[in-house]
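Asker: Here's the letter readout for the chains.
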Amino acid sequence: MMLIDNEKFIGLLVENTGIEQEKVEKYLEELVNDIKTAFEEGDGYEVEGFGVFSKLGASVIFIPSEELETEINYKYVGMEAIELPGSTSEKVEVEEENPLQGILDGDKSEESDDPFADLIGEDDDSDLDEEEKTENVFSSTDEDVENEDALNEFIGNNDDATASEQSEEEIEMPGPDKWGIDAHKEEDHEDAFSGLFGGSPKEKDTTSEEEDIFDPDEEEVDQKETAKKEDEIDFSALEDETSEDEDFDDPFMDLEDEDDSDNDKVEDFVPVVTNVSSEKKSKEKDKKKEEAPVKSEEKKSKKIKPPKDKSKSSPVLLYLVLALVIVAGSGYLLAYFGVVNIQGITPTNNNSVAQVTPPPTNNNQSQPVIPEETVANNESLEKRADLESPQNTNPDDMETDIAPKIADEKSPGNGGIITPTSVQAGAEPYGLTGTATETGNNGYTIVLYTLSIKNSADAQFEKLSKDGYRVIIKERPSNTYGVLYRVSIGQFKSLAAAAMAAEKVDPDILGNYIITKI
Amino acid sequence: MTKDFLKAFGLTIRDQIIMKNSVEIKGLGTFKAEHRSQEQEKKSDGTLVMQPPRDSIEFKANLED
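Each protein sequence line maps, in turn, to chains H and C. Numbering-wise (the working numbering), the first sequence opens with residue 1 and increments by one. Numbering-wise (the working numbering), the second sequence opens with residue 1001 and increments by one.
Hints should not be assumed to be uniformly reliable.
Said to hold, decoys possible - According to the in silico footprint, chain H covers these stretches of chain C (three or more CB under 8 Å from chain H):
#, segment
1, 1003 to 1011
2, 1021 to 1030
3, 1048 to 1054
It should be emphasised that the hints constitute simulated quantities derived from the structure, not laboratory data. Heads up, the beta-carbon is just placed ideally off N, CA and C, and yes, glycines get one too.
Use the sequences and the hints to build the structure in full.
Answerer: Have a look at this one:
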């Protein structure tokens, strides 16, 4: 780490541009003046590919370009902020604990106390106090209570206890430990399956209970009867559909028809599906109005007849569905394994995709750049180029030392190594110090910098070589800069050996190093 | 001031920053590479966030020279 003052900076510009020092000084002064005038006019000044100078109030800020920022931060590109779980858990616990306490405490006090309070007539003040406490914390429980009250009014006074139990069940539903999977099955789900498999006597009971519950309601509440009738009319409209479901269920019923008693049960059985129950309601209501006993027998007869007729047609539908599934599955498998070509299913060959990817396109850019720079270079660089080894090409070399855009590109055809390699017989192929060898180029190296100016890379080569390090400079194509020069030290047989050697290197030299394949 | 000069201006500073050197330009300011290690940051909503390490360019203006 060192300070490049104005004089050194001008010297570097002279080396890099080949422009005379006086002109460089003049250009640099013009640049500074242009930036200042831009600030006076309230504007910013952008150096293309470098960044933007702007003035906010009294302070001047520099916003690096996205490419430059990425290159500077290349070692940590892709890292994102991680939210620590412990911090949020506290808040969540605070938020979650209260509702649970409210449910446990408040619900017991409210839901359980309300019905008994009405019946027994306990002290209303204590209940109100508790309710007020819970109201402040959880307003939702109040809504539940209101809903329960509405339900109680709708269902009847005698159903207060059942309503409270239902509300408790709804709250406790999420707890699988208490209720199990079957307990979570709602009536609708059970009904659906019962429709398929013929139902169970329990389902009959539930339906009968529902009917019993709703029947007094209709008698008691006259105003709501109209709305219910409308609902019943709606459900009755669906009777045809549900009857089709019954028809569809009949084949299974036939399979279970071995026992005549079962048939009787089937006759009595009412599918738990709400639509079907409503059908019964509507039917029974109409029949009660007309003739109750005779029609019950007719129902049985009607229900018995359709299953037999439908049992003949339903297997055909099942077989058709199964056949379609089998055909579709077989077609998918054939397409998946390439027997039949179907877009979206048949996998494409990765090899073909790899061939489609364009080869590095920066060769054309790098070729004109290199001659321009080699003109200013010494003869030693030409000797280095002559000593380049062709064995160093490794197209699969994936480097992360530079920007991701650059990492996607392939290395030049000659391997890009422009440093001299030792051909001495006694030279060690791998190591941190000494001179680079051809055999060592098959191993790993410690990358220190990836520079955009060849003169800077050469300067680093000389400096590190003086310190005794085995320096390798490798060209890397770049979309932004044409060619980048990767400065690395050491040749190591394995990644672990390189990591071990990196610990011995001066930290000031290492910086943000990366170990990669040569 | 030519385009090549501007390009070389940016590239030269870039290379020096990558090599962890600071660059001082008379009448403009100093460019410097800074490393920020990972650190915890507490947001306004109380959540703790671990910010990753980061290398960045710091510019300290000095327009009076």
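Asker: Has the segment 1021 to 1030 of chain C got at least three residues whose CB is nearer than 8 Å to a CB belonging to chain H?
Answerer: Held - the segment 1021 to 1030 of chain C has 9 residues with a Cβ nearer than 8 Å to chain H, which meets the minimum of three.
Asker: Do three or more residues from the segment 1048 to 1054 of chain C put their C-beta atoms closer than 8 Å to C-beta atoms of chain H?
Answerer: It holds: at least three residues are needed, and the segment 1048 to 1054 of chain C offers 7 whose Cβ sits within less than 8 Å of chain H.
Asker: Given that the segment 1003 to 1011 of chain C was listed as covered by chain H, double-check it with a C-beta distance under 8 Å for 3 or more residues.
Answerer: Check passed, 8 qualifying residues.
In summary, this structure violates none of the numbered hints.
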